[in-house]
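K.L.:
Below are the chains, spelled out letter by letter.
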Amino acid sequence: MSRIPAKLQRWFRQNRQALLWVVISFSCLLAAWQIASMASGGRLQIPPPLEVFQAFFTAFVKPIGQNTILEHAAISLGRVLSGFAVATVVGVVLGIAMGVSDAVYAIANPIFEFVRPIPPIAWIPLSILWFGLGSANKVFIIFIGSFTYITINSYEGARNVDPQLIGAAQMLGASRLRIFTKIIFPSAVPYIFAGLQIALGVSWAADVAAEIIYSQSGVGWIITMGMNNGNYTQIMVGIIAIGVIGYLLSTVMRAVEGRLCRWNRQAK
Amino acid sequence: MKRKKKYLWLSVLSVCAALGVWELVTDILQLMPSYMLPSPAAVVEAFIYKLTGGVNPDGATLWQHISTSLKIALGGYTAGVVIGVPLGIAMAWYKKVDLFVKPLFDLLRPVPPLAWIPLLILWFGIGYSAKVAVIFLSAMIACVVNSYAGIKQTRQVHIWVAQTFGASDLEILFRVAIPTAWPMIFTGLKTSLGSAWMALVAAELLASTSGLGYMIQMARQMGRADIIIVGMFVIGVIGSLMSGILDLLGKKFVHRGGSK
Amino acid sequence: MEPASQVILQCEHLSRSFRRPDGSMYQVLGDVSFSVHENEFLVLFGPGQCGKTTLLKLLAGLDRPDGGTVKMNGQPVAAPAPSRGVVYQTTALFPWMTVMGNVSFGPLAQGLSKEESRRRAQYFIDLVGLHGFENHYPNQLSGGMQQRVGIARAYCSNPQVLLMDEPFGHLDAQTRYMMEEELVRIWQEEKRTVIFVTNNIEEALYLADRLILLTDCPAVIRREYPIRLARPRDYVDPEFLHLRQEISRQMDPAQ
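Protein chains in written order, with the numbering used here: chain A, 38 to 305; chain B, 231 to 490; chain C, 844 to 1098.
A couple of the hints might just be wrong.
A few chain A positions that, by computed beta-carbon distances, are all more than 10 Å from chain B [claimed, not checked]:
(1) Trp48
(2) Arg80
(3) Phe90
(4) Thr95
(5) Thr105
(6) Leu118
(7) Thr218
(8) Arg291
Derived DEER-like restraints, expressed as beta-carbon distance ranges [stated by the list, open to error]:
(9) Thr288/A with Gln953/C: 44 to 50 Å
(10) Arg53/A with Asn982/C: 39 to 45 Å
(11) Gln253/A with Val327/B: 42 to 48 Å
(12) Tyr284/A with Arg1065/C: 53 to 59 Å
(13) Thr912/C with Gln54/A: 29 to 35 Å
(14) Ala1073/C with Val327/B: 55 to 61 Å
(15) Ile356/B with Tyr284/A: 48 to 54 Å
Derived by calculation from the structure, the hints in this document are not laboratory data.
Quick reminder that beta carbons are idealized off the backbone N, C-alpha and C, glycines included.
All chains should be modelled from the sequences, with the hints used to inform the complete structure.
P.N.:
Below, the structure is given as structure tokens:
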């Protein structure tokens, strides 16, 4: 019990300077925001910070459109996670298969290289034609966006296995399957996670873009509705929600990676 | 991704098979209506039509769309680089700048730049400036992150060497830290080009009156999947071309000594 | 054999401690005092990883002592200066600069003209035997050649004192012998005061005019040996072996 406050105390002592500067820079930001909002007018409106925060918290109980902000967030997250999950499965399997087998590589790579340079957002119109205006088209965009990163990193991971390790395992008489499960896959895991980390960020950006461009719910929709109604405060609320979710996603991902790839962490 | 050429025939076969399946489900079996997935021949036809100056269904030729898009993308990108790279370097080199700017930057970073598009459109209208602003934001973030990380890689012993030779702080920054950071800064230039191009497409999909994003958005409203596919293809090709040019420049200007 | 010459560098009661991550302190250097004479080749020799590099950094002015002072020509040392050149453990060459760029860095930083800097750099590049490699990048050179560049670079800013921190520690045995020979040749051609840190007894005896034996953690001076063997020295000379045995015995912590 008594150790935790001591730890916290030390943390505060060590980071006092940084914390002080966080306070300073945030105060400057709020002040600048307040001043800008008072000076703004006409089309270039900036709602005052207090109003935005108030609206943000009100949105937890009072719905924007059909849903409260938490429901919008849940809808968006549901889309991201389903697209991301499918992309993870497909990307890891395809990437590792391409890394391990020359034949799979020869078959998949030309098509993959053709699709890769197209930004996921450019798929939105086609996706709407194919999957309609609902959630399915967003899931597809998210899948496209994250799939490329996951595949490339899984491929790189499978290719960059230390050949000495494989040699050692072969010398010890390990079967091909054993070499795959005990050596190739584990060494690819850090690469895969690096890919997942980027892919999750891209997924979130892709979902937000898809929702902004066309949707009836989700945090992106909050922003678009705000734009259509000229409601600046609502736009800011949406941006805050998007930022918070983006932050949570990357934090959770890092924590998962930290747990699963503990052996890979380099001593610094 | 270079591998041996032993299976070249498989690659050729795979491309042929993909085209074959595409042809099969469209022209031959008619499983997909042409407004959802046109046949390969129809796409090629639409491509040639747009390339040779066709203005339907969106009112401008392919070249006009490309030039609009490139102008906006390069404008925003240049601004993002010019501000982002020095900002990242300053944050990494000067403790005070780091302490002040980092919290603000960390606040900004989790928001995908695309989320600002509606607000920027309200502020600046659907013309040039809103799009340039969002591209600027996308490009700047990647530039700052990479330049910052690059400068932080400077080895302490190199700083010591420079100090023992009597180099000033600014000299150390320019002759030791920035050369160390160059490869990372360059990665940042490449990453930010990708984000800038993506932001452009998003901005044009949402609100514009010309450009490649506008072209595919109009095509969707008209149910012209052939034009959409042409547009996606052109967007992809231009993206690869730009990053290829940047790679070439990189090979020329990034020092040979650092990479082994 | 060395005539009593002028004292150039003087340390008095130097000590240095560091804080461990858990907050406790550990001392790496305890009360070290010695003087260095002009054009002397002084070797700081000691076992283990502790204290020697710290001591050298204090002499260079890259670190400040907790107690005691370093004086050069009577003036206290407060910051790194071109008058004390350093050759580092791992090659600290700038990988993005050619050999010429690395060696001429010092004179350029001190404000010499481009031509003058290049001319001086060329002289020292030739001296260390790298003529013809001016436009090579460090990663195109072998380990031994890289350390030659390091030596030329340190020489080129015309320091009064050269501080060398186990410069040959990462080389293979053969190259190491060769570099020791080379260093003596260079030093005899361009006399400077050298303070050389090593944990290799053979290297220490081969190079030193005077040898200071340091203990491990915290480092303090155990003994000093004037080495009066004629140069060039021979590793299997009976006198050499005798000294080697004696110093090794002194190193034994059981003593």
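K.L.:
Each hint should be assessed against the structure and marked as holding or not.
P.N.:
Comparing the hints with the structure gives:
1. Trp48: Correct as stated: the minimum Cβ-Cβ distance to chain B is 17 Å, above 10 Å.
2. Arg80: violated, 7 Å
3. Phe90: holds, 14 Å
4. Thr95: holds, 20 Å
5. Thr105: The claim holds: threonine 105/A sits with its nearest Cβ about 19 Å from chain B, beyond 10 Å.
6. Leu118: holds, 16 Å
7. Thr218: holds, 23 Å
8. Arg291: It holds; arginine 291/A is separated from chain B by about 12 Å at its closest Cβ, greater than 10 Å.
9. Thr288/A with Gln953/C: 44 to 50 Å: Since the Cβ atoms of threonine 288/A and glutamine 953/C sit about 49 Å apart, the hinted range of 44 to 50 Å holds.
10. Arg53/A with Asn982/C: 39 to 45 Å: The hinted range 39 to 45 Å holds for arginine 53/A and asparagine 982/C, with Cβ atoms some 43 Å apart.
11. Gln253/A with Val327/B: 42 to 48 Å: holds, 44 Å
12. Tyr284/A with Arg1065/C: 53 to 59 Å: Given about 57 Å between the Cβ atoms, the range holds.
13. Thr912/C with Gln54/A: 29 to 35 Å: Once the Cβ atoms are compared, 30 Å apart, the range 29 to 35 Å for glutamine 54/A and threonine 912/C holds.
14. Ala1073/C with Val327/B: 55 to 61 Å: holds, 59 Å
15. Ile356/B with Tyr284/A: 48 to 54 Å: Roughly 30 Å apart at Cβ, these two residues miss the hinted range, so it is violated.
The structure shown violates the earlier hints numbered 2, 15.
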